[in-house]
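These protein sequence lines map, in sequence, to chains U and V.
In my numbering, each residue's number is its place in the first sequence (first place is 1) plus 305.
In my numbering, each residue's number is its place in the second sequence (first place is 1) plus 305.
Careful, some of the hints might be misleading.
Intra- or inter-copy, both count: the list cannot distinguish identical chains.
As the list claims (entries may be wrong) - Straight-line Cα separation of at most 30 Å, DSSO-like style, residue types lysine-lysine; simulated pairs:
no., residue 1, residue 2
1, Lys356, Lys312
2, Lys538, Lys897
3, Lys897, Lys802
4, Lys538, Lys461
5, Lys615, Lys356
6, Lys461, Lys749
7, Lys538, Lys313
8, Lys749, Lys897
9, Lys312, Lys802
Honestly, the hints are just simulated from the structure, not real lab data.
Quantities reported herein were computed from a predicted structural model and do not represent experimental measurements.
There are 2 protein chains.
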Amino acid sequence: MLAEEIKKYSIKQLRSLAEELRGQIVRAVGECGGHLSSNLGAVEVTLALHKVFRFPEDKLIFDVGHQCYTHKLLTGRDLSSLRQEGGTSGFPDPEESGYDAFYAGHSGTSIALGVGCCEARERRGGKEKVVCLIGDASLGNGVALESIFSSEQKPKNFVVVLNDNGMSIGKNHSALYAAVSKATAKKRYRRFNAFLSDTFKETSAFGRYLRKIKYSVKGWLNKNSFFERCGFKYVGPVDGHDLSELCAVLENIRAIEDPVFLHVVTQKGRGYAAAEADPARYHGVAPRLGGGENTFADALGGILCARAEKDERLVAVTAAMTDGVGLSGFAQAFPDRLFDAGIAESFAVARAAGMAAGGLRPVVCLYSTFLQRAFDQIVEEVCLPALPVLFCVDRAGLVGGDGKTHQGLFDVSLLRGVPGLDVYAPKDAAEFADVFDFAYGRGKPAVIRYPNGAVPPVRGRMPLSEGALWEILTDGRDCTVLACGARAVARALQAQKLCAPFRIRVVNCRTLVPLDGALLERLASSPLVTFEEGYVSGGFSSAVAEFYARRGIPVRMLAVGAESRFVSHASAEEQAAALGLTAEDVAAAVKKMCVFTR
Amino acid sequence: MLAEEIKKYSIKQLRSLAEELRGQIVRAVGECGGHLSSNLGAVEVTLALHKVFRFPEDKLIFDVGHQCYTHKLLTGRDLSSLRQEGGTSGFPDPEESGYDAFYAGHSGTSIALGVGCCEARERRGGKEKVVCLIGDASLGNGVALESIFSSEQKPKNFVVVLNDNGMSIGKNHSALYAAVSKATAKKRYRRFNAFLSDTFKETSAFGRYLRKIKYSVKGWLNKNSFFERCGFKYVGPVDGHDLSELCAVLENIRAIEDPVFLHVVTQKGRGYAAAEADPARYHGVAPRLGGGENTFADALGGILCARAEKDERLVAVTAAMTDGVGLSGFAQAFPDRLFDAGIAESFAVARAAGMAAGGLRPVVCLYSTFLQRAFDQIVEEVCLPALPVLFCVDRAGLVGGDGKTHQGLFDVSLLRGVPGLDVYAPKDAAEFADVFDFAYGRGKPAVIRYPNGAVPPVRGRMPLSEGALWEILTDGRDCTVLACGARAVARALQAQKLCAPFRIRVVNCRTLVPLDGALLERLASSPLVTFEEGYVSGGFSSAVAEFYARRGIPVRMLAVGAESRFVSHASAEEQAAALGLTAEDVAAAVKKMCVFTR
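Chain U on its own, in the form it takes in the complex (with noise of 0.2 Å):
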């Protein structure tokens, strides 16, 4: 194992095999799609971590895990098969090792998971360290500031290293940034350090000497009473890209006992040129061999600078999102009217409610796993006073190679059932615009959700009104198919074929809230298969259920959606396939409905 090697290796041997892992992080992204900015940015400190601490009796908890490809590659895991179906995942994930101390898909629950480990580690008398790797970006999430500014007191053994790349996603302009960064201070203790590497090589004693001064020179060149307060030792900032410096200060950090908060500043794509230039770009890769596309995110994009054009209230509000969801355009025409709240998504809803409440109209565009993390802001600050945000989520249903901890499979369940809620899931990106002016028209809470990647345009295009809130797409006499959402109802047409000699009705059912009652009713007495990329649990599938089950009509219906289980990374397809949500599946359901009714 690497990770057990390199405590033997030189600093000279370190820093070689940095250039090797980087070179085999950017060929397994180039391959398979990936984070490269941020990994690239983190492969010093984590050698340094390493080389240092002992995982996995210490504890290495990442947040967020994109980060976590050199840790990766360190505890013997193969990039080569990053994202794929079967092969190594995209974030840290406790299955797959036990150098993987937590999931870490969502921001900023490092600290609490650390603070929660130490405190077990207190009540069994162990001796191990928790080191928390946080991004700067993950730090100004609600769950981060709460678990700093929790208690006056942290945990004995317990280390906080901030990964500060002075970007988040986007751009970084929060006021938590500026007080860790401490600008001058940065300034002054760079010029030192300059003038100590100039004057003084690395070997020579007396420089190491003079070294030695530094860390102490530095703590008093930068006090900083924000983390002190909190009950951190803060020592920094330190080079995050020097791996003496690194190892030295983690060396000191791991001999005391003091909870510590070690500010370490990276450079977001460091060593691969064009991730350096535009490291925003080179966030998140596409694999080199299919899709890419995101037919939705592109129609966002459109739809909204077109509305923003003719109405002025219309504002968009995004968290850390901007390019994900398709709002670069929107970005450009209209940078007033675009509204980033950082990985923040809570305040970002709240803000829409008071916006909303002051006469703006903000759509709110959000990936699904993200929105989940503001459900109580959309139920009490945007659906009580019934205020018209509407929100646009994309990465709906299933979404690759993210996998478990990004799925949007929850939003269908967590929304549903909320008061006074829109709900409409669109077949296609021309249907979209269709659904997006409908939504935003009627002038209260709205949800638009739909899935990433390409979905081919569906035939035919009834626009939805009060009076057709689903569509008749196909009108076999067989059974009805129901299909909610664009991947579901491309690919209940693409059953049709496969259900001879039956014919099917497939059914749009791109209201999900409200359901079209009048037209359930006409169809009670057919046989009905329902069918979603979503759990069955609380799903779409569960609304008709539950449509016929309020009214005690009876139905022959069966549903075909996913069971309640995580899915871990593979193309969606896979994934779908896996959950037995496709056509074929479709068709198996729709003949054993046949059959049974014959």
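Given chain U's structure and the hints, the job is docking chain V onto it.
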């Protein structure tokens, strides 16, 4: 409107009004129940805000709302009907009055709402002031912290008033509190203030002059870089019961455009000796008439103490609800095994995950309405790694007087689709103990949900086991009533005699996840009535309907549950009646099914 009249009041008149309002608040809470200590503490600061600002043109945003009674009295609300059906809400409610800018039941959102209001105003070109009144406990919540740290700039004409009573619902040890309080500076200021008051009468011109200086001196004494760095001008601390000082400071603040953070120090329970002496006890007060006991909460305390004796690993975790969930006894018996996170539900749950990973067995005790703030941590931190965290969820179902913002109506739809999470709903306090042991014994993530208030014990006790998940309580043949939750079971039993001539089989469906599949399959040929005190949408009825739909089993079932709408304050019984959730409603459903079947 008193709010208008007081603009002409002298300080002396305001003082006498303050005493009068205090009396009204004490009387109303004595009659109707409600929040006493926090409201008594906020009398003067609310009076001063109304004297100086022009609400509702200026916006007053409470955080949280349990300090709003003075505001309600000033704006024409009648507290004699406080929390009663059709009466005055115990929290701000925009439907009740145009003076209530937002609902405010959950903590920490005011600053985000205020920022949003200001952003809307700037786009509109408005001039109104936006004022947030936030308690010190709310300030430690993640949403508030995200909002404070989101940007180095805060909007113009934005005022955050911190009502600092030095304690949250319980006691406050947070680092944030330390940052805010700065005891030494406060002491120095108080000495200075006392010197001024002792030396010069307020009426003397020189006294007034010195007071003016005082405000600038104070700024110098207590330069608070914490808030300055976040874009606020910091003013404080100010004596929150000194109307003269409050009005003077607020007049100054109103005259400038800069965003201001005003730090006001108040005394919880002020003016009511018993509440001053023990403010936590008088935080929430039960009405003189009726109820008050909470048997599940009482049971929880007993269960945890008994199990903690035997199992060293058991620890309890809560979030500023120690008394409310029934942990006071546990807190005394095992002070080092109770972890109160303050109003930081996300931190509480993520920390519990860390504890569980470290070998402890945390029992997280929260109200249903606040649990929904930690949904993402339940999924990502607890259930994904399948850590043995047990959630005891109080106030599940209808909560009575707290009303719309506090109903426990979302947890079922939120939680029952989360992979690997068991969900239980015991029928009474005795069964709670069985269910607790069963759930705890399985060593996986689990939720036990139960209502507040007294619940009568139900005869018969068939302990829960893997082979007997549900319990058949009565064995009528005409129709099966599947009842889930303590109140539903009690009412289903009451419904028996109302169903004549039909006889019903009442089943205690004490496990929501997993369902008792074997029993459900056996019952498929019987007419079924499902019954729960909750939303049908995504709820228990939905789970049953979906069970059959997944298997393509046709059933005759009728769901008795609530429509998805927000439920105002009233007694829980009145709320149940309004939603159609009484024994009579069950009987009507049974009759419908039986007549239909014949």
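Structure-based check of each hint:
no. : hint            : in the structure
1   : Lys356 x Lys312 : within (5 Å within a copy, 68 Å between copies)
2   : Lys538 x Lys897 : neither (66 Å within a copy, 70 Å between copies)
3   : Lys897 x Lys802 : within (16 Å within a copy, 42 Å between copies)
4   : Lys538 x Lys461 : within (11 Å within a copy, 36 Å between copies)
5   : Lys615 x Lys356 : neither (58 Å within a copy, 41 Å between copies)
6   : Lys461 x Lys749 : between (50 Å within a copy, 29 Å between copies)
7   : Lys538 x Lys313 : within (29 Å within a copy, 53 Å between copies)
8   : Lys749 x Lys897 : neither (41 Å within a copy, 36 Å between copies)
9   : Lys312 x Lys802 : neither (61 Å within a copy, 77 Å between copies)
Checked against the numbered hints given earlier, the structure breaks hints 2, 5, 8 and 9 and satisfies all the rest.
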